[in-house]
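A.B. asks: Kindly produce the complete structure, drawing on both the sequences and the hints.
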Amino acid sequence: LRYRSTIKTLFRRLDAAVAQEDAERVAAEARELEHLIDRAAAEGVIHRNNAARKKSRVARLARRATTA
9 LRYRSTIKTL FRRLDAAVAQ EDAERVAAEA RELEHLIDRA AAEGVIHRNN
59 AARKKSRVAR LARRATTA
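Quick note on numbering: this note's numbering labels position 55 of the sequence shown as 63, and the sequence is numbered without any gaps.
Keep in mind the hints are simulated off the structure, nothing from the lab.
Please note that a few of the clues may not be correct.
Listed next, with one range per pair, are the computed distances between beta-carbon atoms [what the hints assert, rightly or not]:
no., residue 1, residue 2, range
1, R10, T75, 31 to 37 Å
2, E32, R56, 17 to 23 Å
3, S64, A24, 15 to 21 Å
Glycine included, every Cβ here is placed at the ideal spot set by N, Cα and C.
C.D. replies: In structure tokens form, the structure reads like this:
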């Protein structure tokens, strides 16, 4: 539960950073979120396909922030 809740919180922070167009903050939030997603998948909290989907979403948001 801790991992799932934290992942949702970090996604909200990433969305906020993208909205503010703060590229440095977006990169830091994305790095932290991907690390947490990997940890959650490794410990079996979320399925590996779910983790891959979430990481893909993170990458898409981060890319959109840097190109915009």
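A.B. asks: Decide, hint by hint, whether the structure agrees.
C.D. replies: Here's how the hints hold up against the structure:
In this structure the supplied range 31 to 37 Å holds for R10 paired with T75, their Cβ-Cβ distance being about 33 Å. A hinted range of 17 to 23 Å is violated for the C-beta pair E32 and R56, which are about 30 Å apart. At about 20 Å, the CB distance of S64 to A24 agrees with the hint of 15 to 21 Å.
Of the numbered hints stated above, the single one contradicted by the structure is hint 2.
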